[in-house]
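Novice: If you read the sequences in order, they're chains A and B.
Throughout the first sequence, residue numbering follows my numbering, covering 2 to 192 in sequence.
Throughout the second sequence, residue numbering follows my numbering, covering 27 to 184 in sequence.
Derived from the structure by calculation, the hints contain no laboratory data.
Treat the numbers as computed from the prediction; the structure is a model and nothing was measured.
Here chain B is said to cover these stretches of chain A; the calculated rule only asks that three of the stretch's residues, wherever they fall, bring their Cβ under 8 Å from a Cβ of chain B:
no.: 1; region: 9 to 21
no.: 2; region: 27 to 35
Selected chain A positions facing chain B (Cβ under 10 Å, derived; list incomplete):
no.: 3; residue: R3
no.: 4; residue: G6
no.: 5; residue: G24
no.: 6; residue: A163
no.: 7; residue: D179
Backbone N, C-alpha and C define an ideal beta-carbon position, used for all residues, glycine too.
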Amino acid sequence: MRLGGEQVGRWGIALLAVTGIVGLLLAWHGWTGRAATVAPSLAGKAASGGHASGTPGAAAPASSPSAPSSPSAPSSPAASPAPTASGHPTAGPLLSSEPYASASFQVWPGSPSAAAKQALTGLTVTVHKRGTGLLVTAGVIGQAAGSPHLYAGGARVYVIEASLGDDSGNADYNLGDDGLVVTDTHGRIVQ
Amino acid sequence: MSGTGGRASGSPAATGQPGPLVPGPGATPQQRAAALASEWAPVAGRILLALVLAWFGYHELVRPALWTGYVPVVAPTSTAAVVAVLAHGWVLLMLAVALAAGIATRIAALLAAAVLLEIIISLTVTAGLSDLTMRDVGVFGLAVCLTGISHQRFALRR
Numbered sequence: 002m003r004l005g006g007e008q009v010g011r012w013g014i015a016l017l018a019v020t021g022i023v024g025l026l027l028a029w030h031g032w033t034g035r036a037a038t039v040a041p042s043l044a045g046k047a048a049s050g051g052h053a054s055g056t057p058g059a060a061a062p063a064s065s066p067s068a069p070s071s072p073s074a075p076s077s078p079a080a081s082p083a084p085t086a087s088g089h090p091t092a093g094p095l096l097s098s099e100p101y102a103s104a105s106f107q108v109w110p111g112s113p114s115a116a117a118k119q120a121l122t123g124l125t126v127t128v129h130k131r132g133t134g135l136l137v138t139a140g141v142i143g144q145a146a147g148s149p150h151l152y153a154g155g156a157r158v159y160v161i162e163a164s165l166g167d168d169s170g171n172a173d174y175n176l177g178d179d180g181l182v183v184t185d186t187h188g189r190i191v192q
Numbered sequence: 027m028s029g030t031g032g033r034a035s036g037s038p039a040a041t042g043q044p045g046p047l048v049p050g051p052g053a054t055p056q057q058r059a060a061a062l063a064s065e066w067a068p069v070a071g072r073i074l075l076a077l078v079l080a081w082f083g084y085h086e087l088v089r090p091a092l093w094t095g096y097v098p099v100v101a102p103t104s105t106a107a108v109v110a111v112l113a114h115g116w117v118l119l120m121l122a123v124a125l126a127a128g129i130a131t132r133i134a135a136l137l138a139a140a141v142l143l144e145i146i147i148s149l150t151v152t153a154g155l156s157d158l159t160m161r162d163v164g165v166f167g168l169a170v171c172l173t174g175i176s177h178q179r180f181a182l183r184r
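Please construct the entire structure, taking both the sequences and the accompanying hints into account.
Specialist: Okay, structure coming up:
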């Protein structure tokens, strides 16, 4: 058989057929596991326009990368939409036990590391202490700021970035692998 | 210099098509190196391009949710975005195997170039030129190069 002037034998066709089937099986695996994202995604909030349980919202159309702009200053909670509260503190699983633990970068308290700064590319995260919890606002640079979210019992804030390779300059090309997690002092994820 | 090189017997030259130069017994090391590079560099380029495509294809297939942010126009959480990523990953995987095994390499390279061009245009339109986009331009160039090379070594033709 000739394909575009090139000879393709039966072994080649067989190999392509097997590859096609394997690809379909992998696609089925990906399709069935599509809901189990690696990290609480920031992109998901853009489409839902609301807050998913346990994660703050970042309202932005994630189909387009964040536009380059200078990082915003911490917004005043008074000027922001009313914060959503996580209610009574419920300790979730240990962050270290989650599959995305290796992709988490602490951004608060203290100064973010170089890797954390890169993970923050394209994102804005502002944190204010509020009583025994944290008031966290996450957003995408160049987009409208998200609503602040109160994490009762929160002590540390992490940004999840599964792949740093989609960050360029101060733009994040793919928000699908970005997320935000707040833990308590024991490292348990605050729901 | 001109008398030291020749073509392998039964080479494509006999059919009027260009083929790799085979240095004669009196060839200099530089000529031997050039002949070796002309013979095997396309294979290396082909396999390395296949590795790139396979890596992205596999990850798009097994974790489509991480890649939906790249899909233009549609919302990243939509079913359409996931389906688009899965289809894209499947195509990349097929192209990777075709290139690695040397099956219809020029057609596979042409399709790979088309896919890469689509990625470059999409990234450029949405965020302008950046280091990521320019890296893809380089990979696109490799794919374009491979569309012009026939009669490669290490190719499955049977």
